[in-house]
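Asks: Given the structure of chain B, go ahead and fit chain G onto it with the hints provided.
2 protein chains.
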Amino acid sequence: MQTTPQKSSQKSCFDAPNAFFTLEAKSGKARAGIFHTAHGSVQTPIFMPVGTRASVKTMTQEHLEEVGAQIILGNTYHLFLRPGEQLIERVGGGLHGFMSWKKPILTDSGGFQIFSLSALTKKSEEGVRFQSHLDGSYHLITPERSMEIQRALGSDIVMAFDECPALPSTKGELEQAVARTLRWAKRCVEVPLKSHQHLFGIIQGGLDKDLRTHCMNELCQLPFSGMAIGGLSVGEKNEEMVQFLEDFVHTMPGHRPRYLMGVGTPLDIMKAVKAGVDMFDCVLPSRNARNGQGITSQGPLSIKREEFKEDQRPLDPECECRVCQRYTRAYIRHLYAVGEYTAGTLLTYHNMAFYLRLMQKTREAIFQDKFDVFFQQFYNSYTQMGKLAN
Amino acid sequence: MQTTPQKSSQKSCFDAPNAFFTLEAKSGKARAGIFHTAHGSVQTPIFMPVGTRASVKTMTQEHLEEVGAQIILGNTYHLFLRPGEQLIERVGGGLHGFMSWKKPILTDSGGFQIFSLSALTKKSEEGVRFQSHLDGSYHLITPERSMEIQRALGSDIVMAFDECPALPSTKGELEQAVARTLRWAKRCVEVPLKSHQHLFGIIQGGLDKDLRTHCMNELCQLPFSGMAIGGLSVGEKNEEMVQFLEDFVHTMPGHRPRYLMGVGTPLDIMKAVKAGVDMFDCVLPSRNARNGQGITSQGPLSIKREEFKEDQRPLDPECECRVCQRYTRAYIRHLYAVGEYTAGTLLTYHNMAFYLRLMQKTREAIFQDKFDVFFQQFYNSYTQMGKLAN
Numbered sequence: 001m002q003t004t005p006q007k008s009s010q011k012s013c014f015d016a017p018n019a020f021f022t023l024e025a026k027s028g029k030a031r032a033g034i035f036h037t038a039h040g041s042v043q044t045p046i047f048m049p050v051g052t053r054a055s056v057k058t059m060t061q062e063h064l065e066e067v068g069a070q071i072i073l074g075n076t077y078h079l080f081l082r083p084g085e086q087l088i089e090r091v092g093g094g095l096h097g098f099m100s101w102k103k104p105i106l107t108d109s110g111g112f113q114i115f116s117l118s119a120l121t122k123k124s125e126e127g128v129r130f131q132s133h134l135d136g137s138y139h140l141i142t143p144e145r146s147m148e149i150q151r152a153l154g155s156d157i158v159m160a161f162d163e164c165p166a167l168p169s170t171k172g173e174l175e176q177a178v179a180r181t182l183r184w185a186k187r188c189v190e191v192p193l194k195s196h197q198h199l200f201g202i203i204q205g206g207l208d209k210d211l212r213t214h215c216m217n218e219l220c221q222l223p224f225s226g227m228a229i230g231g232l233s234v235g236e237k238n239e240e241m242v243q244f245l246e247d248f249v250h251t252m253p254g255h256r257p258r259y260l261m262g263v264g265t266p267l268d269i270m271k272a273v274k275a276g277v278d279m280f281d282c283v284l285p286s287r288n289a290r291n292g293q294g295i296t297s298q299g300p301l302s303i304k305r306e307e308f309k310e311d312q313r314p315l316d317p318e319c320e321c322r323v324c325q326r327y328t329r330a331y332i333r334h335l336y337a338v339g340e341y342t343a344g345t346l347l348t349y350h351n352m353a354f355y356l357r358l359m360q361k362t363r364e365a366i367f368q369d370k371f372d373v374f375f376q377q378f379y380n381s382y383t384q385m386g387k388l389a390n
Numbered sequence: 001m002q003t004t005p006q007k008s009s010q011k012s013c014f015d016a017p018n019a020f021f022t023l024e025a026k027s028g029k030a031r032a033g034i035f036h037t038a039h040g041s042v043q044t045p046i047f048m049p050v051g052t053r054a055s056v057k058t059m060t061q062e063h064l065e066e067v068g069a070q071i072i073l074g075n076t077y078h079l080f081l082r083p084g085e086q087l088i089e090r091v092g093g094g095l096h097g098f099m100s101w102k103k104p105i106l107t108d109s110g111g112f113q114i115f116s117l118s119a120l121t122k123k124s125e126e127g128v129r130f131q132s133h134l135d136g137s138y139h140l141i142t143p144e145r146s147m148e149i150q151r152a153l154g155s156d157i158v159m160a161f162d163e164c165p166a167l168p169s170t171k172g173e174l175e176q177a178v179a180r181t182l183r184w185a186k187r188c189v190e191v192p193l194k195s196h197q198h199l200f201g202i203i204q205g206g207l208d209k210d211l212r213t214h215c216m217n218e219l220c221q222l223p224f225s226g227m228a229i230g231g232l233s234v235g236e237k238n239e240e241m242v243q244f245l246e247d248f249v250h251t252m253p254g255h256r257p258r259y260l261m262g263v264g265t266p267l268d269i270m271k272a273v274k275a276g277v278d279m280f281d282c283v284l285p286s287r288n289a290r291n292g293q294g295i296t297s298q299g300p301l302s303i304k305r306e307e308f309k310e311d312q313r314p315l316d317p318e319c320e321c322r323v324c325q326r327y328t329r330a331y332i333r334h335l336y337a338v339g340e341y342t343a344g345t346l347l348t349y350h351n352m353a354f355y356l357r358l359m360q361k362t363r364e365a366i367f368q369d370k371f372d373v374f375f376q377q378f379y380n381s382y383t384q385m386g387k388l389a390n
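So the sequence lines, in the order shown, correspond to chains B and G. Going by my numbering, the first sequence opens with residue 1, and the numbers climb by one from there. Going by my numbering, the second sequence opens with residue 1, and the numbers climb by one from there.
Isolated chain B (complex conformation) (with noise of 0.2 Å):
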């Protein structure tokens, strides 16, 4: 590892504006920002539904439009094995014309499915070597290859592929795949993709903030147009996390969109939002629902609880969204217990609305310089029912 060219690239990453992201405003460490891409641009904070297998699962795209969601997400592994991304690049010329999405795509790298799905997984420093969960079948993803798929996906943010080790992990263990994750990333960065893609770098190193910030001042020697945290919400207590984010993410370069994997709770994007990330994306709002759980102003609600049986309410009443102004808790609570699954795409529905504009609020409070304020009236409310119904 060579020191002196990482500090003089460093210094350009955490200072150079650029054209693909601007920040608008702050208030804080909260930030507002824009990031541009060929299809079209991303006013953060911002939540990405999962779309992981080129579906948000219950919502058609017209959904996903309506609730105004700017940005999704597809998982890697999945199109990688399903229908493969040299179907999807011969049908849909990538992922947003075979699924008829005209907005921003990210895709991730493949890696943390890898780990979380496959039967067998072996690491070396070439890649990683896996059974597919569905048919047993055995694949390499390398840096490489990662980078092959997603290019052929045609996502507008492509992740670098990057070890993510679980928590808690020795500092040995942090130390290997930080290192491994800078030599993947710059493998990332030597493979062309199409030029409308933008790479983001993915920053680990647990909880241990000064092997963050080396992992993080490695990456910025690299071309990328935005960092990732990646490796939290991966084992360590919550309050662990939401520590290391307020020490750490407002050291990160301010000229590039921050993006949080995998998180989370609206508590922990707002608790996020405070220490300075700008992208979030979890399957949290789109799997509950179908567990029967509606994301509320005052807390989550299971849907499923007798209590409900007869509320004409709906399931958030603060809430604009089309379920709201149509559908009761009464009936939400039937179509669930029978088993329809429009309970799922009506929750789903709901859930997506209220993450979106809960984002929406957030960056206009951002811009009048009154997130504190903003952040505690939704604590308050937010965690006022969890306390009386759940």
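Hint data in this document are derived by calculation from the structure and do not stem from the laboratory. Take the hints with a grain of salt, since some may be wrong.
Since the list gives no way to pick one copy over another, a pair counts as held whenever it fits inside one copy or between any two copies.
SDA-like mimics (lysine to any residue), calculated; alpha carbons at most 20 Å apart, straight line [what the hints assert, rightly or not]:
id : residue 1 : residue 2
1  : Lys-57    : Gly-292
2  : Lys-309   : Leu-134
3  : Lys-29    : Arg-290
4  : Lys-309   : Ser-100
5  : Lys-103   : Arg-357
6  : Lys-237   : Ser-124
7  : Lys-122   : Arg-326
8  : Lys-103   : Gln-360
9  : Lys-103   : Glu-173
Replies: Below, chain G without anything else, positioned relative to chain B:
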């Protein structure tokens, strides 16, 4: 059975115009008309999507509005068991409010589903005792109870509680079923409904035209707003059903809507329209959708087939629905192959749009007195692909 009063009443039922239904045009025996309910008017011929458990499976009510549903069907048996008609009345003042559907609703009597779904059933003159297919609980549905349930549901069209024998049945069995259906019909009309509700009688009698005619003439003595043909598509050959409809339907009262229950494929429906039927319901477009079948102008299409893997055409290139305007066969096939719920939603949406547009175009052809030409064009197109691809 008295014959004199029958004939005089029969005459009035056959001949008397009424405020509920207006016959607007005829082309051969095919009819176009309109009936009026407190929740809006319905233009016939019409197909009614089946919303068994207060939901047309995989579709939201917004979807139903988009595809042009004018009236939907709810199943009394299912709603009686879960969530119960009293809850529906308490929560939403009836099914319209409960499920947030402002247009007309027709409910069946529950009889057919008791026999097709319940574990144990015991018929008597009083009614039908049965065991719930859900929890094994015992219930008794009588003609009076069916009326009470449908009154609580508040549907615009209430169906009489009838006895529907499977085919083939002996002449004796059919005669007994007709006799009981008539006795039960008389009990049904004695039960007061809500002021906005219309009661339809159901003609039984299998494929026996004389028995059907007798049943119809008896029912015509009772104050029914419309006449249904029950007991078809229950085991007989398709040609037998079609021939029976050809022979019988034109003899039904001209000033009442004619409803063929539980039918069917697009071809069956078109043949029934040709015979003079006005109203249809069937689970086919939604159930087959969930099994991967798209109904197209060139016949049914199984999206599972390998040949559609990279097919960039919409489900039906001639279709103007939102699904066909946006999504490819390749994409829907992918969603189906990986098990995404949304495959069912997209296929159901298209199928329902297809059925409803077919009814709309049929209506236009009747107004132009070109039904036969329209029927032949449809038939040629629809059966062609059946030969090629299925």
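Asks: Name the hints, by number, that the structure is in violation of.
Replies: 3, 6, 7, 9
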